[in-house]
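Participant: Residue strings, one per chain:
Number of protein chains: 2
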Amino acid sequence: MTSTVLEPQTRGRTKLAVIDCDIHPALKSPKALHPYLPERWRRYRDTIGERGFSGSYYPRANPNAARTDAWPPSGLPPGSDLDFMRAQLLDAWEMDFGILQPLLGAGALRNHEYAAAMSAAINEWQIAEWLEPEPRLRSGLVVPYEAPELAAAEIDRLGDHPGFVQVMLGIRTSEPLGRRKYWPMLEAAAAHDLPIGMHFGSQGGSPITGVGWPSMYLEDHAGMSTAFQAQVISLVYEGVFEQFPTLRIVLIEGGFAWAPPLAWRLDAAWRKLGDEVPHLQKKPSAYLAEHFWLTTQPMEEPHVPRQFAELLDQAPWLEDKLMFSTDYPHWDFDAPDEALPKTALPDGFAAKLMAENARALYKLPTRVHAG
Amino acid sequence: MTSTVLEPQTRGRTKLAVIDCDIHPALKSPKALHPYLPERWRRYRDTIGERGFSGSYYPRANPNAARTDAWPPSGLPPGSDLDFMRAQLLDAWEMDFGILQPLLGAGALRNHEYAAAMSAAINEWQIAEWLEPEPRLRSGLVVPYEAPELAAAEIDRLGDHPGFVQVMLGIRTSEPLGRRKYWPMLEAAAAHDLPIGMHFGSQGGSPITGVGWPSMYLEDHAGMSTAFQAQVISLVYEGVFEQFPTLRIVLIEGGFAWAPPLAWRLDAAWRKLGDEVPHLQKKPSAYLAEHFWLTTQPMEEPHVPRQFAELLDQAPWLEDKLMFSTDYPHWDFDAPDEALPKTALPDGFAAKLMAENARALYKLPTRVHAG
Chain A
12 MTSTVLEPQT
22 RGRTKLAVID
32 CDIHPALKSP
42 KALHPYLPER
52 WRRYRDTIGE
62 RGFSGSYYPR
72 ANPNAARTDA
82 WPPSGLPPGS
92 DLDFMRAQLL
102 DAWEMDFGIL
112 QPLLGAGALR
122 NHEYAAAMSA
132 AINEWQIAEW
142 LEPEPRLRSG
152 LVVPYEAPEL
162 AAAEIDRLGD
172 HPGFVQVMLG
182 IRTSEPLGRR
192 KYWPMLEAAA
202 AHDLPIGMHF
212 GSQGGSPITG
222 VGWPSMYLED
232 HAGMSTAFQA
242 QVISLVYEGV
252 FEQFPTLRIV
262 LIEGGFAWAP
272 PLAWRLDAAW
282 RKLGDEVPHL
292 QKKPSAYLAE
302 HFWLTTQPME
312 EPHVPRQFAE
322 LLDQAPWLED
332 KLMFSTDYPH
342 WDFDAPDEAL
352 PKTALPDGFA
362 AKLMAENARA
372 LYKLPTRVHA
382 G
Chain B
12 MTSTVLEPQT
22 RGRTKLAVID
32 CDIHPALKSP
42 KALHPYLPER
52 WRRYRDTIGE
62 RGFSGSYYPR
72 ANPNAARTDA
82 WPPSGLPPGS
92 DLDFMRAQLL
102 DAWEMDFGIL
112 QPLLGAGALR
122 NHEYAAAMSA
132 AINEWQIAEW
142 LEPEPRLRSG
152 LVVPYEAPEL
162 AAAEIDRLGD
172 HPGFVQVMLG
182 IRTSEPLGRR
192 KYWPMLEAAA
202 AHDLPIGMHF
212 GSQGGSPITG
222 VGWPSMYLED
232 HAGMSTAFQA
242 QVISLVYEGV
252 FEQFPTLRIV
262 LIEGGFAWAP
272 PLAWRLDAAW
282 RKLGDEVPHL
292 QKKPSAYLAE
302 HFWLTTQPME
312 EPHVPRQFAE
322 LLDQAPWLED
332 KLMFSTDYPH
342 WDFDAPDEAL
352 PKTALPDGFA
362 AKLMAENARA
372 LYKLPTRVHA
382 G
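Protein chains in written order, with this note's numbering: chain A, 12 to 382; chain B, 12 to 382.
Misleading hints may appear alongside valid ones.
Identical chains share a label here; the pair holds if one copy fits it or two copies do between them.
The calculated lysine-lysine pairs, modelled on PhoX-like cross-linking and capped at a C-alpha distance of 25 Å, are [as the list claims (entries may be wrong)]:
#: 1; residue 1: LYS374; residue 2: LYS26
#: 2; residue 1: LYS283; residue 2: LYS294
#: 3; residue 1: LYS283; residue 2: LYS353
#: 4; residue 1: LYS353; residue 2: LYS26
Please keep in mind that the hints were generated in silico from the structure rather than gathered at the bench. Note that this is a predicted model, so its numbers are computed, not measured.
With the hints as constraints, model all of the structure from the sequences given.
Facilitator: Rendered as structure tokens:
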């Protein structure tokens with residue numbers, strides 16, 4: 012391993028440092044987790060397999076909903092070949108760091124013991140095959156989040172490993188995340204100073220909207236932001252941030268333009284009926300502003316670019332909370348050189364969005380050793 | 012009945028004409044619908060009663076979630092006394108018109124024949140006790156919307172009555188409204204040139220968010236806008252407005268500040284995966300801009316009033332689609348003299364918002380005979 016210092020002047024495609032907050036590593040084969048699973052669960056995976064809720068799927072056009080150019084020359088599935096990911100993503104865009112979000116469905120499996128075993132196996136696989144070989148990578152710790160005590164145990168087991176910078180959940184849980192059921196997990200995350208990252212997708216056992224099952228993937232995709240809104244509402248009103256004052260939540264691939272109107276709505280309802288939530292010590296929007304980070308992809312760019320500045324005017328806290336992401340290797344990849352709206356932005360905002368907000372949240376160094 | 016011409020110079024509290032798009036009439040007593048129900052359903056109402064889905068309720072502090080000052084001197088329930096409604100609302104604010112939205116739960120009853128009988132009874136009650144005695148009132152036609160053929164029959168029966176200016180649904184249907192199940196009802200509404208009004212509340216049989224059941228009414232209230240967003244997504248992507256090009260949708264008490272970001276999100280997903288909806292002839296946000304109207308209450312006023320103007324900049328079509336409403340006699344009443352944000356607004360917008368958008372949509376005259 013050689014040591015390389017990245018200096019801004021060496022950058023080709025962008026002058027700014029780049030940290031990608033949403034990269035999806037894939038398995039090389041269905042048996043790629045076997046070395047990390049106990050025999051009992053290897054057998055289970057071969058004979059029974061995954062049991063969860065259904066109803067939400069990525070488009071089938073390519074495996075893993077991948078970009079058509081994301082197939083490695085090795086013939087391995089998109090996202091599974093570290094060398095190709097280095098070349099196509101980390102090196103090509105001269106990224107300081109990339110944050111992995113494995114989407115292998117383990118966290119929400121109905122068999123909670125299997126969910127715990129799969130989560131642990133995925134985390135060991137991440138350490139051995141991604142984090143140790145590539146120092147620019149960090150990752151989300153996969154946990155069986157519908158069994159919060161088991162999730163807390165996994166956080167206690169690996170939460171202090173330097174490669175894991177957050178706990179990773181799907182956005183659609185079985186109950187809103189603010190409910191007491193999940194508090195043991197939230198408490199463990201706060202104790203290890205790990206943000207909770209919630210990613211686009213998953214399913215909790217009920218229809219994916221409050222008005223029943225839609226027909227199309229486009230409805231699922233456009234409507235995913237409503238699941239993020241429901242989680243914010245729950246976490247804020249349930250008083251989670253009074254219970255765990257250092258807890259931070261990262262909303263990944265769920266958009267962000269809905270945040271200012273939601274902040275107004277949270278406050279308006281509370282001003283009239285706040286007696287239902289006497290545990291809140293400040294106005295609801297203050298918790299949103301202080302405790303939530305959001306990633307950019309899929310970029311919700313307004314029809315007129317200058318309206319992006321209006322969003323920052325409406326929610327100035329977004330300047331310190333928006334974090335760039337690509338969603339590599341998925342079909343709706345946002346490239347670093349196209350991420351910034353073509354409009355006047357506050358001084359320093361571009362650097363914050365592209366890297367510095369993530370660097371501060373995840374406590375990443377300013378220099379990195381490239382492999 | 013005497014004839015009175017309302018002239019702007021006679022107005023006390025506001026110089027602008029006022030049309031209130033969301034007034035809730037109540038029953039004087041549980042038996043108040045009996046004169047309008049066939050004997051078979053009177054017996055059913057007395058012995059079996061209403062069967063629906065549960066999980067969403069108004070606060071219990073006052074019956075009908077009413078303002079504490081909305082109790083008529085007659086001792087009748089809030090919203091049930093026309094004389095008091097005249098004095099406290101129509102006369103006090105010198106309203107040109109008020110649009111009734113009865114929230115009696117009939118449309119979503121599980122017994123579809125009973126739902127149809129109750130809908131018809133409520134409509135006859137509206138004609139006899141509200142629309143005929145008070146020419147400033149118009150109303151939504153209640154229909155058994157989970158049985159769309161029966162709903163279409165009620166629209167055919169009364170849709171041309173001059174007192175009914177829209178078809179009225181709850182926002183939380185059992186399936187997203189764009190699904191073919193509902194098309195016979197949408198077709199009938201379009202045939203009678205009646206907008207479909209969808210109002211805050213109701214329940215469709217599944218958890219009221221896409222991530223399960225929340226704990227508190229505040230979560231239900233703040234999160235209601237996500238149900239409205241899910242319905243917009245469904246109606247747009249399913250191609251309903253290509254099928255029924257004159258169909259108009261009114262979103263009542265669901266907010267409006269979420270509309271610009273949703274428009275961006277609808278278009279962004281469609282630009283990448285539009286092949287799933289080849290029936291769309293224009294970009295998704297164009298259908299939102301053309302076919303949807305929204306009422307103001309509960310007013311989602313930004314923390315900084317000038318940001319209201321940013322919303323209009325982001326979605327200029329809102330200038331012609333936002334309609335004033337009070338939600339009388341409910342607890343979160345918005346008064347006409349407090350409805351307009353204290354900021355610079357486009358020329359003529361105040362008049363449009365307070366009355367003229369509703370007058371155009373509902374084809375209401377410029378003068379009215381007061382009783």
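Participant: A separate judgement is required for each hint: does it hold in the structure or not?
Facilitator: Against the structure, the hints come out as follows:
1. LYS374 - LYS26: within (22 Å within a copy, 57 Å between copies)
2. LYS283 - LYS294: Classified as within; 12 Å inside a copy, 38 Å across copies.
3. LYS283 - LYS353: Between copies only: 20 Å across, 40 Å inside.
4. LYS353 - LYS26: The answer is within: 16 Å in one copy meets 25 Å, while 42 Å across copies does not.
Of the numbered hints given earlier, the model fails none.
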